[in-house]
Each structure stands twice: as structure tokens, then as C-alpha cells.
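Peer 1: Now for the letters of each chain:
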Amino acid sequence: MDLSLMATSLPKLLSAAIVTLKLLSLALFFGLIIGLIFAILRINKNPIINKFAYGYSYVFRGTPLLVQIFIIYFGLGQIEYFRTTFLWVIFKEPYWCAIIAFALNTGAYTSEILRSAFETIKPGIIEAGKSLGISNNIIFYKIQIPVAIRQSLPAYGNEIILMMKGTSLASTVTLMDITGVAKYIISTTFKPIEVFIVAGGIYLFMTFLIHNLIKYLEKKYSF
Amino acid sequence: MELLSFGNTGWGDELLIATLMTIAVSITALLIGFLFSAIFTPLKLSNNKFLNFIANSYTTVIRGVPELLVIYLFFFGGSGAIMYVASIFGYYEYIEINAFITGSLAIGIISGAYSTEVFRGAIQSVDRGQFEACKVLGFKKHIYFLKVIMPQMLRLAIPNLSNVWQITLKDTSLISVTGLVEIMRQSYVAAGSTRDPLFFYSVAALIYLMLTFLSMKLINRLELNYSRGF
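Protein chains in written order, with the numbering used here: chain A, 1 to 223; chain B, 224 to 453.
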């Protein structure tokens with residue numbers, strides 16, 4: 001066991017943890033918006049809109065995240081026309097490609113989580129709103145959405161942890177997150193176990209924090 | 224479409240073989256995972272605090288650390304560990320382990336952590352009365368487990384095991400970093416030599432979709448079969 005290597009790689013991995021956290025928070029932010037939109041489309045009565053939202057979540061949940069990143073990063077750049085549009089400014093950066101892929105992926109899972117939360121809301125709550133004469137829109141925004149968010153917290157917590165592990169794939173498109181730096185240190189020192197312990201420890205600590213944050217939120221918003 | 228033809232000019236046969244490789248790795252990994260959960264589920268359910276601690280650390284660590292990091296550990300550390308053991312026995316040559324074995328072992332250990340949790344949950348949701356009835360009737364421990372608890376547990380576990388299968392199948396794409404020629408690696412090679420990444424990665428995505436779709440159909444049938452009488 002090489003303790004000095006562990007000590008020297010810790011600050012490098014910790015600074016890489018900032019990259020991981022940035023990727024995670026941006027992906028979750030956009031993913032939540034996408035997820036909410038598609039969950040609302042999913043509960044729409046129109047079969048075309050409904051099927052479209054289902055197709056989106058099916059494709060992104062049925063394929064590995066690695067394929068999604070590769071299609072966005074390597075694939076889209078191939079289209080000549082695409083390179084002339086203003087979007088190319090975003091899509092030529094591996095950083096934004098990774099975030100877009102993560103956001104679309106977590107959005108698909110989030111839409112499923114929120115949909116099932118919408119469907120399990122007790123009809124009594126909505127009926128109570130109606131009998132008080134509240135309009136349908138306000139019932140949706142002020143009653144259904146908050147209740148659905150509270151109900152989906154435990155499942156969403158799992159999704160955050162899965163996404164945090166997913167950000168490690170950013171290292172395959174040249175980003176230096178925790179896994180990227182860990183791989184670099186391993187391939188230069190050939191001491192995989194020491195690096196794994198430090199890098200894994202940082203990931204576990206982040207998992208622990210997320211887990212407790214969700215627990216706290218569940219308690220705070222319980223009813 | 225020419226790119227997908229069979230033979231020397233197209234990538235169809237290569238991709239087909241790669242698909243079979245993905246299926247082989249996934250199934251091997253799933254079975255290795257079951258082996259691990261057969262060891263760790265009893266430890267999780269035992270009354271001994273120390274054994275609980277071992278099993279809990281296994282599932283917590285593996286489920287809290289990215290799959291890619293575990294694969295790197297096995298890929299870079301695997302041959303080193305084997306060479307260290309061999310050096311104790313006086314063998315100092317370089318040993319390279321097969322990418323298939325390291326890959327399926329790494330994915331198997333990950334999959335094992337998830338299936339351990341599934342089996343633990345399923346055994347705990349079998350009605351307590353069933354355990355007590357077996358004790359009252361004086362069944363031997365392994366018989367009551369195999370004949371009474373196991374069939375009920377499997378029925379509860381299958382829906383969650385299908386999730387574990389999906390996770391395992393998708394995780395095998397990560398083994399491509401070790402050079403094992405499965406769907407992702409083959410698409411990477413094909414994309415590199417034809418300069419057509421969009422096409423080949425889309426084909427890879429379609430193959431994965433097809434695999435998950437077909438396996439869902441199969442598992443649903445299995446689920447129906449195990450839910451008979453309920």
C-alpha cells in the first residue's frame with residue numbers, strides 16, 4: 001500500500017470532484033426541466049403527444065449512456081449543415097455535449113418518476129380543490145405538482161446518485177472529472193488499488209451527502 | 224445500408240458477432256452476480272453484526288462508486304494481482320488475463336450488489352408465517368428454503384431482477400474501454416475506419432434498444448409463469 005501516492009493524489013482528485021459536481025448539478029438542473037415537461041406530456045390525453053413522450057423515455061432508458069454521449073459528441077459533428085449553425089458553438093465542446101447527454105438521460109428517468117407520482121396522487125386532493133372552486137390550472141400548479149414532487153423524492157434521490165455515477169462517463173470524452181483523473185494517475189503509476197480507494201472514497205462521500213440531503217428534504221416536506 | 228452488409232466490405236457480420244459478445248458478457252456477468260448474491264444475501268440477513276457489516280459494505284461501496292471506476296480497477300489491477308499471487312509461487316513471467324474474464328467479473332460484481340439487495344428485499348417480504356410454519360412442521364433448513372421460501376421469493380424478485388438485467392446489459396457497454404470487442408467497441412472501430420460515427424453509434428443504440436425490448440418480452444413471460452396461482 002503506497003500511502004504517499006494516496007496523499008499526493010487526494011488534492012488532484014478533490015479538484016476533479018469540482019468538475020464532477022458541476023457536471024452533475026447542470027445535468028440535474030436541465031434534466032429536471034426536461035423531465036417535468038415530458039411527465040406533463042405523458043399524462044396528456046392526446047395519444048400522439050403521449051406516445052411521443054413515451055418514445056423519448058423508452059429510447060433514453062433502453063440504451064446505454066455511453067452510446068448517447070458518443071452520438072452527441074462524435075456523431076452530430078459529422079453533419080456538415082449542423083456545423084454552420086449557431087448550435088455548433090455549444091456542440092463542439094465536450095463539456096456541453098456531456099451535459100446535454102446527461103440531461104437528456106436523467107430527464108427520461110425523471111419523467112418516469114414524476115409521471116408515476118402524478119398518477120398516484122389521491123383523487124381526493126384534486127376533488128377537494130375542485131369543490132373549493134379552484135380553477136383547473138391552479139389545481140395543477142399549486143396542488144398536483146407540489147404533491148407529485150414530494151412523492152417522487154425517494155425515487156429521485158436514487159436517480160441523483162445514479163446520475164452522479166453516470167458523470168464518470170464524461171472521462172470518455174476527454175473531460176477530467178474524478179474518474180478521468182483517477183485513470184490518468186493509474187496509467188502513469190500503475191497503482192490501481194490506492195487510487196481506487198481515494199477516488200472511490202470521494203464518490204462514496206458524495207453519495208452519503210446526497211442520501212442525507214434527500215432524507216432531510218423528505219422529512220421537511222412530509223405530510 | 225451498404226455499410227451493414229456481410230462479408231469483407233460491410234460491418235454487418237462484425238456487428239452481429241459483437242452483439243453475441245455483448246449477450247455472452249451480460250449473461251456471464253448476471254450469473255456471476257447471482258453467485259455473489261448467493262454469498263452476500265445470507266450474510267445480510269444473518270443476526271451476526273460483523274457478517275452484516277461485511278455484506279453492507281459490499282453493496283454500499285459497489286452501488287456508490289461509478290461502474291467505470293470499478294472496471295478500471297479490474298482492468299489495471301487484475302493482471303497485477305494475479306502476477307503478485309503467481310510470484311509467491313515462484314512464477315515471474317507477465318500474465319495477461321482475458322478481457323472477457325476481467326470484464327464479466329467486474330460487471331458481475333456490480334450486478335451482484337444490485338441483485339443482493341433485490342433478493343434481500345424479496346426474502347424479507349415473504350410472509351413471516353411461512354417461515355414459522357416450516358419450523359413448526361420440522362422441515363430441514365435447506366429443504367424449507369428450496370421448497371417453500373425460494374418459489375415465493377422468486378415471484379417477488381423477478382420484476383426487480385429484470386431491472387438488474389437491464390442495468391447489467393447497459394453496463395457491458397463500458398467494458399469497451401478495456402478493448403473487448405462488443406457492440407460499443409465494434410462501433411467505435413467501424414466509426415473510426417469509415418469516418419461515419421453518427422451512423423454506427425445510431426446502429427449501436429438500435430441494437431441495444433432491440434436487446435432491451437426482446438429481453439423485456441421474455442421476462443414478462445417468465446413473470447406470468449411464476450405468478451401462477453396468485
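FYI, nobody ran anything at the bench for these hints, they're computed from the structure.
Since the structure is predicted, the reported quantities are computational estimates derived from the model, not experimental observations.
Treat the hints loosely; a few may be bogus.
[Stated by the list, open to error] The following label-pair restraints were derived from C-beta to C-beta distances: (1) B:312 with A:88: 56 to 62 Å; (2) A:51 with B:271: 51 to 57 Å; (3) B:448 with A:137: 45 to 51 Å; (4) B:369 with A:116: 32 to 38 Å; (5) A:116 with B:377: 23 to 29 Å.
Every residue, glycine too, gets a C-beta built ideally from N, C-alpha and C.
Peer 1: Next, verify each hint and record whether it holds.
Peer 2: Structure-based check of all given hints:
1. For residue 312 of chain B and residue 88 of chain A, the Cβ-Cβ distance of about 58 Å falls inside the hinted range of 56 to 62 Å, so the restraint holds.
2. Taken as a hint, the range 51 to 57 Å holds for the pair residue 51 of chain A and residue 271 of chain B, whose Cβ atoms sit roughly 52 Å apart.
3. In this structure, residue 448 of chain B and residue 137 of chain A meet the distance hint of 45 to 51 Å, their C-beta atoms being roughly 47 Å apart.
4. In this structure, residue 369 of chain B and residue 116 of chain A meet the distance hint of 32 to 38 Å, their C-beta atoms being roughly 35 Å apart.
5. Taken as a hint, the range 23 to 29 Å holds for the pair residue 116 of chain A and residue 377 of chain B, whose Cβ atoms sit roughly 25 Å apart.
Figure legend: structure checked against the earlier numbered hints; every hint is met.
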